[in-house]
Each structure stands twice: as structure tokens, then as C-alpha cells.
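Visitor: Spelled out, the chains give:
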Amino acid sequence: MSQTTRDELSDQERVRYARHLAVPDIGEDGQRRLKAARVLVVGLGGLGSPSSLYLAAAGVGTLGIVDSDVVAVSNLQRQILYGERRVGDPKTEAARDRLRDLNPFVHIEPFRLRFAGRDARRIAADYDVIVDGTDNLETRYLINDIALELSIPYAYGAVFQLEGQAALLCVSGGPCYRCLFPSPPPPESVRPAEETGILGVVPGVIGLLQATEVIRWVTKYAAATPSRLLVYDARRIEFLSIAIDANPACPSCGD
Amino acid sequence: MNIEVRLYAGLRAESVRSSGDALSVPLAEGATLSDLLSHLGIQPDLVHLAIVNGRIHHDRAVRLADGDRVALFPPVGGG
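Top line first, the protein sequences correspond to chains A and B. Position one of the first sequence corresponds to residue 1 (the numbering used here), numbered consecutively onward. Position one of the second sequence corresponds to residue 1 (the numbering used here), numbered consecutively onward.
Source of the hints: derived by calculation from the structure; they are not laboratory data. Don't be surprised by glycine CBs; every beta carbon is placed ideally from N, CA and C. Any given hint could be a false lead.
To be verified - Label-pair distances were calculated between CB atoms; the ranges are:
| id | chain 1 | residue 1 | chain 2 | residue 2 | range |
| --- | --- | --- | --- | --- | --- |
| 1 | B | GLN43 | A | GLY254 | 43 to 49 Å |
| 2 | B | GLN43 | A | GLU195 | 53 to 59 Å |
| 3 | A | SER10 | B | GLU4 | 53 to 59 Å |
What the hints assert, rightly or not - Every beta carbon over 10 Å from chain B, so not counted as near; a handful from chain A, in silico:
| id | residue |
| --- | --- |
| 4 | TYR54 |
| 5 | VAL70 |
| 6 | GLN77 |
| 7 | ARG100 |
| 8 | LEU150 |
| 9 | GLN161 |
| 10 | PRO186 |
Using the sequences and the accompanying hints, generate a full structural model.
Guide: In C-alpha cells:
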């Protein structure tokens, strides 16, 4: 790789990103912004697989990836970062190898740990935006708190069986996760995905919507449009797009 | 009056199996979002997000009107 300053594009990068450079709404400026961006993907499962793959392919300059798990056979139905040969390997290692192979111009920063407590805050402080690839509500509330503390956006996504949701939260003046979901539900009311199941393509769609939100944010389109919650129902092959505002009574970001 | 209701994610199993289609729910005039939940037999703390005519409503005492479209969501935790 030829040496360039942080957000300048090398000749090889110009070839790689030719289809982006040809899009007037992305172009040289958008691609340089992507290169300068530092994106943290928390959780490398059904959501984190497609979002990290496409963000790496798109040329996000630095991609932090967080997960404490190892690859299991039951992951492969939807977690397209991995293949049969990586079963049993730490997800961060398998993901790092796959993402580097996909785009060696992206700097991958793996963190093999559970995203919690002081570790979470320390890691997130080095990034511009957090992508939610988690599989539990506790971590979503934590990501929201950290995003608000650091004044960085939170690309929310979640899935259940044949349905999913995505939104860019914690953008200045916009809603946060608690504006939508003010308090955690009783723990016994939330069944784990191992029990409820997930149609593999659904996190694929939602993860790519999250990646799209990140690209919109980095290339400055997100600031121009109000926040929306997208709800995808694969049963009906239908999207619901709901305008969402900050809740003045929000316990986290309200007045 | 009749309210058009769509139940998402786990709520479907909590109430009528609506196979994703809208339910038409008859309610007394002046009924609230809270009344709708009890009519459907849905535990209030299972509903995280209530959308009425495309807008989020955190206040369960909001009065509904004939023809209102309501979408109800439980917490969605999967990834």
C-alpha cells in the first residue's frame, strides 16, 4: 500500500472504490470521509456480520470489532462472517481475517471481551459511531448511555423471528434508545433468541440498514434528514417507517 | 368505534394469532391505549413501543378515535 495522509485516497483505493467515486452523492469527498471514520461494531453475530462486512468493503478507515464468543455451527445460518473452517475460533480473530481479506485498506481493531463496564467506555471513547450487533437489551441500554456520554451516534438494530428494527439514534437533537424504550422490561419477559429463533435473512437486512445509517452519517446525509425507525416485517415483506423525535421526558436525554 | 391494530414480534403469541394482518378491534367511545391493551389481554409492561397513526405515544392514557391505526411492539433483543 502506498503511503498517503490519513484521508487521502491512494491510486489503489481509487480503483477499489471506483463505483463509490462515480456516485455524485458519495464521490471523492464521501470516500475520504469514510476513510477517516472510526466505527465500532459491538457484537459479531447476525447483525454485526453484514454490517462489518459492508462497512469494511465500503472503505471505513478503522473498524473496531467487539465480541467475546467463539464461532459455533449454529451461528452459520446467519453469521456470514464465518465459515465451517472457523468453527471454534474466537469470532474477533475469524472476523479480523475475513475483513482484512475483504479490504486490506481497513484497519481492524479487535477486542475479544464482553462489552461492559469500564472496558466498554474506554474502548468506545476512540470511535465516532457505535453499531449495535448485540443480542441483549442490557448491552443496548449501555451502548445508549455511552453514546450519549460521548456525543456519538448509535446505529441501533434488533431482530426477532421474522421482524427487525433499525434507527440511527443519539444524533444531536434526535432521539436516544430510551426515548423509544424508556425502561428495561422485566427480564423474564424477554426470551433469548436460542428459544425464539431468527430467520437468517432478517438480521442481514437489518445489519445492512445499520451500515447504511453509518454511511449516511459519515458522509453527512443523515444530519439533513430527521430520525426514522424502520421496522421490517419479512412475513409481509413490508417496511414501516416511523418518524421519531426526542422525548422531552426521556430519563436519559430529556430536559 | 373500531381500531386497527398490528401486533409485532412476541406480542403476536401473547394475544390473537393474527398472522401479521391487522386486527379490527371494537372499543367503547373514549377508550384509551391502556383499554386497548387490556381488551387484547396484553400485559402493559410487555409493550415497549406504541405507535398511533405513525407517531410514538408514551402516554397510555391517550384517547383513541374511530379508525386509529395502532402498532404495538414488545422489546426486541435479538441480534
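Visitor: Each hint should be assessed against the structure and marked as holding or not.
Guide: Consistency of the hints with the structure:
1. Checking the proposed 43 to 49 Å range against GLN43(B) and GLY254(A) shows it is violated: the Cβ atoms sit about 26 Å from each other.
2. At about 18 Å, the CB distance of GLN43(B) to GLU195(A) disagrees with the hint of 53 to 59 Å.
3. A hinted range of 53 to 59 Å for the beta carbons of SER10(A) and GLU4(B) is consistent with their spacing of about 55 Å.
4. The claim that TYR54(A) lies off the interface holds: its Cβ sits roughly 16 Å from the closest Cβ of chain B, which is beyond the 10 Å cut-off.
5. With 10 Å as the threshold on Cβ separation, the claim that VAL70(A) sits away from chain B holds: the shortest Cβ distance comes to roughly 17 Å.
6. Listed as outside the interface, GLN77(A) is consistent with that label: its C-beta sits roughly 13 Å from the nearest C-beta of chain B, beyond the 10 Å cut-off.
7. At roughly 23 Å, the least C-beta separation between ARG100(A) and chain B is larger than 10 Å, which holds for a residue marked as non-interface.
8. No beta-carbon of chain B is positioned within 10 Å of the beta-carbon of LEU150(A); the least distance is around 21 Å.
9. The Cβ of GLN161(A) sits about 7 Å from the closest Cβ of chain B, inside the 10 Å cut-off, so the non-interface label is violated.
10. Distance to chain B contradicts PRO186(A) as a non-interface residue, since its nearest Cβ pair spans about 6 Å, not more than 10 Å.
When held up to the earlier numbered hints, the structure conflicts with 1, 2, 9 and 10 and fits the remainder.
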